[in-house]
Amino acid sequence: MPHAVSRRAALLGAAATSGSLLFAGGNAGAQQKPSELRVGITTFLSGPASVFGVPARQAADLLFEEINRAGGIGGIPVRPFYVDEGPGTDHLVGEYRRLVQNEGVHIIFASISSGSCLACTPLSDEMRKTTLLWDCGTQRIFEEGKHPYAFRTQGYGTPEILAPLLYLLKTKPDFRTLAVINQDYAWGRDSWELWKAGMDALKPGVRVVAELFPRFNSTDFSTEITRMLALRPDVILSTSWGGELVTLIRQASERRLLDRSTFVLPVAEASLQQLGRAMPQGHVIGARGDHWNNHPKPKDPARFQRFVDSYRQRHNEYPIYPCHHMAQAIAAMQAGFARAIEAKGGGWPNDQELANAFRGLTFDSPTSTITLREDGQGLEDQIVGLSSFTDRFPFAVPKDMVIFPAAMVSTPVGQKSVDWLKTLKPDMLAQVPAPIAG
Amino acid sequence: MGQWFAENGLLIGLALLDGLAYAALVFMVAVGLNMVFGVLRIVNVAHGSLFAIGAYAAASIGLFLASLGLPPIAGFAALLLAAALVGGILGPLIERLVLRRIYGQEEVLQLLVTFALFMILEDVQKLIWGVQPIFQDAPMKALGTVDVPFGEDVIPFTAYQLFVLPGVALATLAGLAWFLRRTLTGRVIVAVTTDKEAAMAMGIDAAKVTLLTFTFGAALAALGGALASPTTSLVPGIGAQTIVLSFAVVATAGLGQIEGAAISALMIGLGRSIAVYLAPEFEVVVPYLIMVAVLLIRPQGLFGRLETRRV
Amino acid sequence: MSASDRDAPGVAAPRPSMRLPEAGLALAGAAALVLAAWAVPWLKFVLTIALAKGVAVLGILLLLRAGQVSFGHSMFLAVGAYTVAFLAPAVPEALLLLPLGALLGGLLGLVIGLFIVRYRDIFFSMLNLALSMVLYSLLEKLYDLTKGTDGIRVSALTFAGAVPDRETQEWVMFGLALALALGFGLLVRAYLASPMGRALAGIKTRETRLEFMGVSARRVLLFAYVFSAVMGGAAGTLVAMTTRHVTPQLAYWTSSGELVFIAILGGAGSALGPFLGATAFELVRVYAAAAVADAWQMILGGVLLLVILFAPGGLWGMLTSRLRGRA
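Protein chains in written order, with UniProt numbering: chain A, 1 to 438; chain B, 1 to 311; chain C, 1 to 327.
This is chain A alone, in the form it adopts within the complex (with noise of 0.2 Å):
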């Protein structure tokens, strides 16, 4: 038997070195049109993570068979080629660099954790490889460097703290005490930072009772939620999401944490499904964005009607926002291509043409327009509203929706964002637009 096994690796191995030096050959000459159009995916297919991968990666076969049923991009078909970010980042960095050097992908979507996404941008500027950052929050990428081939096609953390900020400030304004308890890791560290310099300025002398970050993936909140209900903070803000922000509010709610406190949880919306009706109504929930399944007005409701049903169809689950952000960058991935292609007069793009295609870029998603920024920034528009039930769903969705336009809510080009929170002015709350009921 082992002898099978080294002989297989040994098999793998030199089917992989062929077809790595067919690749150099292919690529030597001119910009020739590819016969298939090769995406590398990077994604959490392992580890507690892969509950937004997963769901993300059926989005992404589902639109690819899609796109090509219709012709493909270029009249070429799409290939994924998917790499788990779950083994670690140095496992990442190096499948970053096979999916280049020995896939010859020909455009990167990077990563769903903010740590791949910092390991991979830099990567994306040494190799010169088009990446869309697909769904990582982190404001550092494009605030603390510069980087040529990168595009975000969705918001960031600032418009997503900051949303759900002035939605709460504008609502319940009156709240004097908060406390917070979010997963202890970068989005967990980031989203506080974010969220506290924008309180300081917009509502100075809310004191802060305590600051909880358990480790990343715990399991068990109880001790946490008990110090919570001795303290009686007004509001408690949790950016957790996944299975850690299921159990924290089955734990709390079970506890009736949720009728002393406000709970203010910017990153809702992909766990409401899996709560059901265990999700307490009144409390501020966010999305990531603006893609909510009871999203008032759509841009496009018809494609967004198709895509929502074809995924429940396959899957028997409403797509959660990776999902969403997995079909922006598959609709930005589209644009770009269409726009290099046409400014080359329909010859195929190289990296650099690509890369150029994408700045500036406008495309659609189903719900709204997103332009990515001259710094590769996408601007999304976010949506925070209530929980309420509605007869719709079996599961939690917003009410007294506000819409935040996406320029209102993130920090301007060349600024950072925690130092252009605290130039804010509580006068912006009076820009807040009105409340859909939905």
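There may be inaccurate statements among the hints.
What the hints assert, rightly or not - Simulated restraints on C-beta separations:
(1) G130(B) with P164(C): 44 to 50 Å
(2) A160(C) with G346(A): 46 to 52 Å
(3) G205(A) with A156(C): 42 to 48 Å
Claimed, not checked - Reference listing, derived: stretches of chain A covered by chain C, where coverage requires no fewer than 3 residues with Cβ under 8 Å from a Cβ of chain C:
(4) 87 to 93
(5) 96 to 109
Stated by the list, open to error - With the C-beta cut set under 7 Å, the calculated list includes, among others, these residues of chain A facing chain C:
(6) Y185
(7) A186
(8) F216
(9) I341
(10) K344
Keep in mind that the hints were calculated from the coordinates and are not lab data.
We treat Cβ as the ideally placed atom computed from N, Cα and C, and that holds for glycine.
For chain A, the structure is supplied; the task is to place chains B and C on it using the hints.
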């Protein structure tokens, strides 16, 4: 100091209640690991996977029973059923097909075989239950909450957390102590734990004892998982976390010690809860610090016996 | 397969008759790696990591000779890696960072070693595990210093003062890893053949007799432990300089498990084993991940299980039994 206690004493009291429930869960997993080590002399890394699979199985069975229209209390039956099924099927399967082949081999090989099983079982969980969080909290909800007075205020705790978890852990401890000391099978297990060669020389069927012990240990891990399932969401990766914590408990206790496992689980559970109040930054490090500290003072663990060195 | 292979990694001391093929195999292996790295540009990266891990696994191999399994050895790897990550902005010179990482790894090894050599078997394993988990938790928790689970990106490096382009740098790192692998491999071989090295086997079988002979078992083990920590630190710097991004994951217990995995996969019978194992491990991992992205762990676990059950001498054992069969 007095001032400090007046302000924080009540909070520490609350922390103890949380720590107790946590310690109970940790004990359930650690005690099985410890028994298996006692008899097989193998540190079973895959023990954490059995915990995870027990939890998933309990949730699935619970959801199935609920879909039949049975009352929420039937969820408790699901917990026991899951433990029995996982222990009864996976236990013998692993022991017979894999572990049996490596008895008497080097320790590192035995350790790694279970590490390989751990890697395989991690993916098996994903294939069966997917990656979306699963939860089934009917048993916890069925019992409601208890208000614990806190100054002028009350703090609601779930009755499940306050009574069921520590209760089952205590019952397991007492049951095990009785089984190991008062029944023939139990005494045989103790005999093999103490001195395998002598036990075999006296005609004890070691193969049978190892099979029995491993199955039993697997069932305990699965029961721990099943008990934890109503309080948490089941997601990939819970096994890896659980096992490394149980290692700390077992090493602190001294290998093969049942009561020791209970006491060190208590120390680690309470230590962690108190850390959440006093030094939340160090909550995660506490179990390992306790373990290192104990082993520095007592190299064989709190209750372990010093083994004679080979001559 | 001969009986001596069956009973184990670690037991068989290198036999004189095996010397020649071992050196020849090492050279042939090195040549094959260079060829592979040249033919498939991307493999250069994978093989550099494999060589680095192989260096760390040499340390595991030393301890295995004494019958001890460190289930926390990746903490030294993490020390080396974080040394690079922390110091690179101030001292970007790779040729300085490398010995510095090795030195710091060795220092930590000395501090821990001073008390850990009193422990044997499972307690030795578990203490190492606990200490590595302490380091892991601290790296994860002290967010302001370490950026938590996101890790630190390693800033640009210089090599002997020069800043090579990407392609050249990849070759430099590969060459560095290969040179260190050969260097440490030779050192380990010489050490294992020395009286200090031979005494390690004594700890495994008859520790008390060792002491009757006036040899301090603790001192013997301490030396091996520190040596292995130095190699762990050096390997960590190589990993950090190659991936250019370090995360606490490096110190997690499963990473240590991987190192032991590689030691067994390669076979502990020779200083070549770790490199055989590491290369096979990394290749299986990347190809399994490419073929079935969501079940690569199961494939690795399966390979490990098969090797232990059917070829406990590891790849090295398979190789030598083949060669011997042919001779």
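Hint check results:
no., hint, result
1, G130(B) with P164(C): 44 to 50 Å, "holds (46 Å)"
2, A160(C) with G346(A): 46 to 52 Å, "holds (49 Å)"
3, G205(A) with A156(C): 42 to 48 Å, "holds (44 Å)"
4, 87 to 93, "holds (count 6)"
5, 96 to 109, "holds (count 5)"
6, Y185, "holds (4 Å)"
7, A186, "holds (4 Å)"
8, F216, "holds (6 Å)"
9, I341, "violated (28 Å)"
10, K344, "violated (27 Å)"
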